[in-house]
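Please build the complete structure, drawing on both the sequences and the hints.
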Amino acid sequence: MVAVRVLVTVPDTSDVLDAARMFAGGVASSQRTQSFADRLDLDLLPPSLVIDRSYAPTPLKLTTATQLLASAPQADLSGPGSFVIRGFMDSDDLHAAHDLTDSSGCPRVFSDPAFGLVPAAFGEPPIGTVLDVSRQLGTGRLGRLGMDGTGVAIALVDNGINLSFLRSRGLQPSLDYHSSWSPNQTVTPGSAPIDHGSMCAYDALIAAPRATLLDFAVARTTRQGGSAMDGFLSDALIAFGRLLMLMTLPDDERPFRSLVVNNSWAVFSPAWDFPVGRPGRYLDNPNHPFHAAVSNLTGAGADVLFAAGNCGDAAPDGRCGFGVGQARITGANAYAEVITVAGVDVNRTLTGYSSPGPGTIDPQKPDIAAFTHFKGSEAFGSGQPDAGTSAACPVMAGVVAALRSRYPFQNGSSARTPSAIKSFVLASAVKPAGVTAFSLEFGNGVVDTGMFENPGFS
Amino acid sequence: MPNEAGVIVRFQRAGPKPTLQEAAEHLRVPLTALSPAYGVQVEGGTGKYHVKLLQEQLLDPTRGEVFSNPGFSLQGPPTNQ
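Protein chains in written order, with the working numbering: chain A, 1 to 458; chain B, 1 to 81.
In case anyone wonders, no lab produced these hints; they're calculated from the structure. Any given hint could turn out to be false.
Stated by the list, open to error - Take a look, some chain B residues computed to stay more than 12 angstroms from chain A by CB distance:
hint: 1; residue: E22
hint: 2; residue: S35
hint: 3; residue: G44
Said to hold, decoys possible - Derived coverage of chain A by chain B (criterion: at least 3 residues anywhere in the stretch with Cβ under 8 angstroms from a Cβ of chain B; other residues may be distant):
hint: 4; segment: 271–283
hint: 5; segment: 315–329
Computed from a predicted model, the values in this text were never measured in an experiment. The beta carbon of each residue, even a glycine, is placed where N, CA and C say it ideally should be.
Here it is in structure tokens:
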């Protein structure tokens, strides 16, 4: 014998209507639950049903719903199937119960199956819009605090930005043409085909609309959405070298006060690296020259962010080549100096594709979760979400840029080092429901700007 | 056979930043085996430099440290796959 949960339809008798009105009217729960079952006519119910007294009789018809708040409610207006209640019954009785019908011949007992939140996956429609993201980030409040990206450059190490597209989406982007760079001389900064880089730029500008974009179009992809392999690390190495040169310019020669570097890319397969055991590997080797490049750039005052990657347990990208038990946040995405960003939807539910930690180099990865899978740029077509940890990363980069517009990097200020800023944004994060400590899915929690007004430093 | 990815070779050298020609001489590889687009990258004030070598087998490993140059992928929606 197993107790199963069922839903049962009942007519709008005066007893049912009274019970429903007690819920709707806010009667104290103890009084309500005591009275609820007593008020129902048990003859209407399957013999072994135990009523769930915490579940309000719920109207199924408009005429019934209006009676709940009427000053002089009328019973028996709508007849069978007016309300649904919930209860438990023996599985042995279920078969007979399913044969129960009301006076109109309709079944009265229905299953009440459990459901789980389905994590966002590629190919699924957007969850929420850019307005939801904006609200969650408190961008209006940030703007009033002077945190809008002014004086901050956001370098997008990606496959190029299309400024006309961003303008067509209602933005007023500013691009530093001369500080931008691409290994492909035929691509003019700001004029790339509309693709991944434009999505990232759009998302970075949500929290930092007045930031200046730097277009570092290092990915060589020519296919919308990217191909299996979009570029080589050596191109990113040159980009980081150029960014370091910009950061080491004297303050009065540097065209920005602070620099935030967004990297919505990762290595999808260990097969692309040297074999295990060989020195010179990238994925798990802190001695790789790219680590020095990243470390030098953060040491010079730039905030560097990397996407966690799209090899999550529930809905990994089909290009993921990591085996069971292999760490999936690897290489630069796992460096301690960077902010590694996981992806949640606007309901703060982890997306199915967001790579969990640990990291291969710093095991405490990812660092924080930010919003993705929302209707935003529509760079991939009308109604298509800004998706992947690729979108979460620039959303977070925009938040860091917003903070930096009020607290730019300052040589000699220990409170304004990239390390200190990282610590602050991680401490500001909010743990999602049911999570109380660092987790390998959300890191330190979901981005939150509630503490930005009084960050505790100047 | 040269391959597009090649490998990254780190070496240490006193004095000012070497030219690509000087890097090739230091590593004892033909200039044509080094990527001119990559050039010579400076590793932040340590006297260390790196170049991209297109034919790893040409290098005497005692002349420089060899590192992988993996491909990477953008982490957005995998459309048109």
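Regarding the assertion that G44 of chain B does not contact chain A, is the least Cβ-Cβ distance greater than 12 angstroms? Violated, because the least Cβ-Cβ distance between G44 of chain B and chain A comes to about 4 angstroms, which does not exceed 12 angstroms.
Please confirm whether S35 of chain B is truly not at the interface, meaning its C-beta sits more than 12 angstroms away from all C-beta atoms of chain A. Given that some Cβ of chain A is not farther than 12 angstroms from that of S35 of chain B, nearest at about 7 angstroms, it is violated.
In terms of Cβ atoms, is chain A entirely out of 12 angstroms range of E22 of chain B? holds, 18 angstroms
Assertion that chain B covers the segment 271–283 of chain A - criterion: three or more residues, beta-carbon distance below 8 angstroms: Satisfied; 8 residues make the cut.
With a Cβ-Cβ cutoff of 8 angstroms, does the segment 315–329 of chain A contain at least three residues near chain B? Since 3 is at least three, the answer is holds.
Violated hints, listed in ascending order, are 2 and 3; each of the other numbered hints is respected by the structure.
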